[in-house]
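Number of protein chains: 2
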Amino acid sequence: MEKLITIAQVPEHVGESVTIGAWVADKSGKGKLQFLQLRDGTAFFQAVVFKPNFLEKFGEDAGAVKFDEIKHLGQESSVYVTGTVKSDERSKFGYELDVEDLTVISASEDYPITPKDHGTDFLMDHRHLWLRSRRQQAIQQVRNALIYASYDFFRDNGFVKFDSPILVGNSAENTTDLFETDYFGQPAFLSQSGQLYLEAGAMALGRVYDFGPVFRAEKSKTRRHLTEFWMMDAEYPFLSHEESMDLQEAYVKTLIQGVLDNARPALEMLERDTALLEKYVATPFKRIPYDEAIDLLQAHENDDDTDYEHVEHGDDFGSPHETWISKHYGVPTFVVNYPASFKAFYMKPVPDDSTRVLCADLLAPEGYGEIIGGSERETDYDKLLAKVKEWQLKEEDYDWYLDLRKYGSVPHCGFGLGLERMVTFVSGIEHIREAIPFPRMLHRIKP
Amino acid sequence: MEKLITIAQVPEHVGESVTIGAWVADKSGKGKLQFLQLRDGTAFFQAVVFKPNFLEKFGEDAGAVKFDEIKHLGQESSVYVTGTVKSDERSKFGYELDVEDLTVISASEDYPITPKDHGTDFLMDHRHLWLRSRRQQAIQQVRNALIYASYDFFRDNGFVKFDSPILVGNSAENTTDLFETDYFGQPAFLSQSGQLYLEAGAMALGRVYDFGPVFRAEKSKTRRHLTEFWMMDAEYPFLSHEESMDLQEAYVKTLIQGVLDNARPALEMLERDTALLEKYVATPFKRIPYDEAIDLLQAHENDDDTDYEHVEHGDDFGSPHETWISKHYGVPTFVVNYPASFKAFYMKPVPDDSTRVLCADLLAPEGYGEIIGGSERETDYDKLLAKVKEWQLKEEDYDWYLDLRKYGSVPHCGFGLGLERMVTFVSGIEHIREAIPFPRMLHRIKP
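Those sequence lines, one after another, are chains G and R.
Going by my numbering, 175 is the number at position 175 of the first sequence; the sequence numbering is gapless.
Going by my numbering, 790 is the number at position 343 of the second sequence; the sequence numbering is gapless.
Here chain G stands alone, though its shape is the one from the complex (with noise of 0.2 Å):
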C-alpha cells in the first residue's frame, strides 16, 4: 500500500491523489453521491464518492458493489480511501476528497454514540468511544497544547523537571482526603501535592518544576473537582513574592498564548471567544489584597447582580465569591496575603503581621476560579518547627523537610497550577469531567 498521510497533511497535497487511513464519523448521500465526514484524529474534512467514476474504474458490477458497500457503510467503520485533494471554499477545513478508491479495514456496526444526544452517564460510561467526537478531540488538543506551553515556558527560564514522588510515606498536608495503600506492610498514601519534595529540589538543583498526576480522596460531587489530576508546581529559590507573581502571570499568558497559537481551530470547534483570551495575554493581571477583596465583597454585597453570602475578614472565599472577583476585574486576579488560619503551615508570614501569609490565589475570570496557589515558603527552622507542632503534623514525617531550613536555608516561592482547571477556562467548557481523557471522580473509577 503506497504511504498514508494524515488529513492534517492534506492542504500539502492538493491535486495530487492520497492516501488516508480514518473513521467515518458521519455519512450522507443522495443518488449518485455520498459524502463521508471523516476523521482520524488530527482533523476532520469530506470525502465525496460520485458513482459513475466508481462504475468507469471498476466496471459496472464491480463499481456499483463496491458504491453500494460504501452506501451502507455504519459510523465509525475504518477505511483506508484514495483519492484527489481539492480545495473547497465551502467548508471550514478548506479541502475535500475526490475519492477514488475505498477499502473497508473493519466495519463497525450500532456503534453507540449516535449524532443524537445522549445522557452524561452513557457518555461517561463510554468514555473511551466518547473521545472520538469533534468537541472531545477539540478539548483533549487544548490541553495537549497547553501541556506544550507548559514545558516550552519551563525551559525558556531555566527551570529543570524534577518529578516528585507519588508514593509517599507522609502527607504534604495533614488531611484524611488521602488515597491509602498497602506498600509491603506499611500504609503510603498517593501525593496531592509534590512541593514539599520540590523545595528539596529547589535547593539541589535551582529552578525546578513537577507535572504530574496527584490524587485527592475528597468526596466532592462539583464540576470543579476531580480525585485524579494533572498538576504543575513550581518552585525557585531567590525570588521575591512579587517576582513569583510576575513569572505566574507570565506562565498564565504564555499557556493561553501557545493554545491561540497551536490549537485554534480546536478553540473554533467549541465556539471560544477567543477575543476574550486575547484579551487576557494582553492586559495585566489585577493583584489584590485579600483584605481588600473583604471589603469589596461587603460593599457589593446587595447589589441587584450579586448572589455570594456575607464574608467576614478572616473568612476563606467559596466558589461564587471567586466569580464575582475575578468578573468584577474581567481579567485573572491574584487575591493576595489571605488568613495564615486556613492557608498551608510552611507559607511565610507577612512582615509585621503574622495573621497574614505571603501567598496567592489566581482566579480565572469568566466564573472558572482558582487555577493557581502559590506563597513565599518560611525559610526559618524555628518558626517552621513550631507551625508543624502548631497544626499537629507529625514532627517525624517533617524532619527532612526542616532540613531545608537547617542547611543553608534561602527565600524561594512556589505555586501549582492545575491543568484539567486551566484546560477548562481555556476550552470554555462547562464541566472539568470532559478535560482529561479518563476522568476519576466519587462515581466513576471505569473505563
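For lysine-lysine, the following PhoX-like pairs were computed, each having C-alpha atoms within a straight-line distance of at most 25 Å:
| # | chain 1 | residue 1 | chain 2 | residue 2 |
| --- | --- | --- | --- | --- |
| 1 | R | 853 | R | 841 |
| 2 | G | 253 | G | 279 |
| 3 | G | 406 | R | 474 |
| 4 | R | 774 | R | 790 |
| 5 | G | 71 | R | 853 |
| 6 | R | 450 | G | 253 |
| 7 | G | 446 | R | 830 |
| 8 | R | 477 | R | 498 |
| 9 | R | 853 | G | 116 |
| 10 | G | 394 | R | 893 |
| 11 | G | 343 | G | 394 |
| 12 | G | 86 | G | 30 |
| 13 | G | 446 | R | 853 |
| 14 | R | 841 | G | 446 |
| 15 | R | 518 | G | 406 |
| 16 | R | 790 | R | 836 |
| 17 | R | 893 | G | 387 |
| 18 | G | 3 | R | 700 |
| 19 | R | 830 | R | 790 |
| 20 | R | 836 | G | 446 |
| 21 | R | 834 | G | 446 |
| 22 | G | 221 | G | 446 |
| 23 | R | 893 | G | 389 |
| 24 | G | 406 | R | 563 |
| 25 | G | 406 | G | 387 |
| 26 | G | 383 | R | 893 |
| 27 | G | 406 | G | 343 |
| 28 | G | 387 | G | 343 |
| 29 | G | 406 | R | 893 |
| 30 | G | 27 | R | 853 |
| 31 | R | 474 | R | 563 |
Bear in mind the hints are in silico, worked out from the structure with no lab data behind them.
Fit chain R to the known structure of chain G by using the hints.
The following block gives chain R in isolation, referenced to the frame of chain G:
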C-alpha cells in the same frame, strides 16, 4: 539588592561585577586566600576571597571579621556573593569569581554528607540532601535532557499527549504485583501501564503517547527495579511492526542526541564515554529474531567469556542473556517475535506462526538490558476475546477495550520506554535508584 544571576549565566558576564545566590559546596584556603566551591543547581564554580581586598574595602577591623566569617563557613551554607567574573583556563568551568562582598543568608553546621564516603543507606535516608552532590545533580540534568528530547520528538512526529489514568478499576495484565487502594468503597489499583487506555486514545486522536508514573508492587531487589517509575508509552495507528521499530529507533537516537546536545557537562561529570553514545546515534540498531537469538546463545554458551545459563527455544531470557546479546552487537538491539507464551495477551501473532508474536524488546548495550518493550496489537475482536478468556482475565474488565475492535478496528502498534532505565543507560551509572529524585523500592518509601 541587585538582580541575581545564576552560575550558568556567569560566562555572559566576564569582567563584570555580579551577585549570585549560592551554596558553599566545599571550601579550602591558606593564609590570605579562601577558595569557595559554589553551587546553585545550574553549575559549580570557584569564588576566591583575598583578605587584603576585604581589609581595604571594609576597613581593617570589619574586613577581618568578614574574612574570618567566610573562613569558618560550614558546608552548604547559603550566601549572596558579589564579585567580578574572570576567565580561568585552569578550571573545567572556565571562570572564577574574584569576591568583593559576601553575605551569609543562612549558616549551615554539621552538614551530614561530607566529602568522605557514606554508605548507600545513609545517602538514601538523606536523599533530600544527597541530591545536592555533583554526581546527583548531573544525573538529574541527564534526566531533564531526556524528558525534553522526548517531548520534542513526539511533537515533531505529530503525537498528542494523552494522559492515561493512574487509578484503574482493572489491571492491564493479570498480575498480583499491583498496589491497591480503597476507592470510596470499591477496590482500585495503581496503573502499571497506560497502554490499554492509549489504544483508545489512538482510535480517537491518532498518534498518542503518555509519560507519567507507573507502579509495580514487585518484591524485586535488583539494581534495575523501582516500585514507582516513569514510563513513556506511545500508540499509533496504521504503522506496521517494522515501521514501528523504525520509529522506536529514531526515538531512542533522539533521546541520546538530546543529552549529548544539552547535558554534555553532566555526562563529563559522570565520566560517561560520549564516543559510545555518539556511536549509538550514528549506527543502525540491530534487529534479530528471538529464535535466532536463542540459536546464537546456544552456539556461544560454552565460550570462555560467557556466563549465562542454557536456554531453549520457548524460554524467556534472563539479564545475563540480554547482556550478552547486546554486548555481542555493541549497539542497541531489537529482539523480535518472542514466544506468545510469556508475552502479553494483546499482542498480534506472527502470520503463519501463532506461537510467536509481533513484538520487540530493545536491549541497551553495556549490560543495561531492556529499555523498550513494544508490539503490534491484536485487531480482531474474536481473537482478542479468545485471548482474554485463555489468559483467564475478567471479560467485564476488558469490555471497553474489546469495543476498540468492534467499532472501526485498525492496525496499530505501540511501545513503552522506562525513563529511569534510559537515565541509567545514558548516564552510565550502576543503579537505577539514582535515576529518579526520590526512588521507591522494596524497603524505601521515605523521604
